[in-house]
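Under our numbering, think of the first position of the sequence shown as 1, with each following residue one higher.
Hint data in this document are derived by calculation from the structure and do not stem from the laboratory. Among the clues, some could well be false.
When the alpha-carbon atoms are kept at most 25 Å apart in a straight line, the in silico PhoX-like pairs for lysine-lysine are as follows [said to hold, decoys possible]: (1) K179 to K207; (2) K111 to K143; (3) K222 to K207; (4) K91 to K209; (5) K136 to K207; (6) K111 to K179; (7) K179 to K106; (8) K183 to K111; (9) K111 to K136; (10) K111 to K91; (11) K183 to K143; (12) K222 to K106.
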Amino acid sequence: MILLLALVYNGVIKMLKNEFRPFIVWSSARTASQGFYYDYKIKNDQIGHRLGHIPIESGVIDVGELFDNNLSFCYHINADHNNVHLDYIKKTSIEKNYNHIILYRKDLIEKWKSLYFALATGAWHIADTFVIVDAKWEEYSEKMLNEWPDQQVEIHNEYQKILDWCTDNSLDFQLVEFKDAIKNISSFTGHRNRRFYHHIPEDSSVKEKLTQIMNTHPFLNKL
Numbered sequence: 001m002i003l004l005l006a007l008v009y010n011g012v013i014k015m016l017k018n019e020f021r022p023f024i025v026w027s028s029a030r031t032a033s034q035g036f037y038y039d040y041k042i043k044n045d046q047i048g049h050r051l052g053h054i055p056i057e058s059g060v061i062d063v064g065e066l067f068d069n070n071l072s073f074c075y076h077i078n079a080d081h082n083n084v085h086l087d088y089i090k091k092t093s094i095e096k097n098y099n100h101i102i103l104y105r106k107d108l109i110e111k112w113k114s115l116y117f118a119l120a121t122g123a124w125h126i127a128d129t130f131v132i133v134d135a136k137w138e139e140y141s142e143k144m145l146n147e148w149p150d151q152q153v154e155i156h157n158e159y160q161k162i163l164d165w166c167t168d169n170s171l172d173f174q175l176v177e178f179k180d181a182i183k184n185i186s187s188f189t190g191h192r193n194r195r196f197y198h199h200i201p202e203d204s205s206v207k208e209k210l211t212q213i214m215n216t217h218p219f220l221n222k223l
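Please construct the entire structure, taking both the sequences and the accompanying hints into account.
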């Protein structure tokens, strides 16, 4: 455990600013946000803080309670949203002097593979077991082949809005790319599962669409 914390300190944590303050990790699916959150929290001595993924479209977590107790949390950006909590979170995080970490994954093709694999196999976390021959590729083909690229445009539009908001309000924030985040995250599953990615159905049109988004979207193209 001591060695793990030392690695975390010398890796992901060392590059981040504003330690010992509550923080929001602005993230999206398959950016290693849960492992990143916990490792950053541990090193920053965030005793009592807990992970709270807050889907934009859902009120499953009492956001007021998080702020009342100065709790750090993740805000999970997705494409099927209405901004139920967003205005309140922005306003209150400024009042409460929160730090902001914008966690993103620039390689959308790898992100697509990661999500498709997790959906089809049920292997979301390092402890999840799966049988590759039982993977449900067809069950998620419509979502992953036809819907997902367009959803990524919407998601990165939201990322851009968060970045602009932080900049316009002179907030303490940092952009963290996925490859930097996973260097010292003990719970990251990708290294183990990537050797099975050749089972994912190939689709050149998806790769072309995602490559175009990576090359042209304002948020991803200028980072």
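Going down the list of hints, with the structure as the test:
1. K179 to K207: Holds, at roughly 20 Å.
2. K111 to K143: Holds - the C-alpha atoms of K143 and K111 are around 14 Å apart, at most 25 Å.
3. K222 to K207: 20 Å, holds
4. K91 to K209: 36 Å, violated
5. K136 to K207: 20 Å, holds
6. K111 to K179: Judged against 25 Å, a Cα distance of about 11 Å means the pair holds.
7. K179 to K106: 9 Å, holds
8. K183 to K111: 16 Å, holds
9. K111 to K136: With a Cα-Cα distance of about 18 Å, the restraint between K111 and K136 holds, given a limit of 25 Å.
10. K111 to K91: Given pair K111, K91 is violated - Cα atoms ~31 Å apart, limit 25 Å.
11. K183 to K143: 30 Å, violated
12. K222 to K106: OK: K222 and K106 at ~11 Å, within 25 Å.
In the structure shown, a violation is registered for the earlier hints numbered 4, 10, 11, in ascending order.
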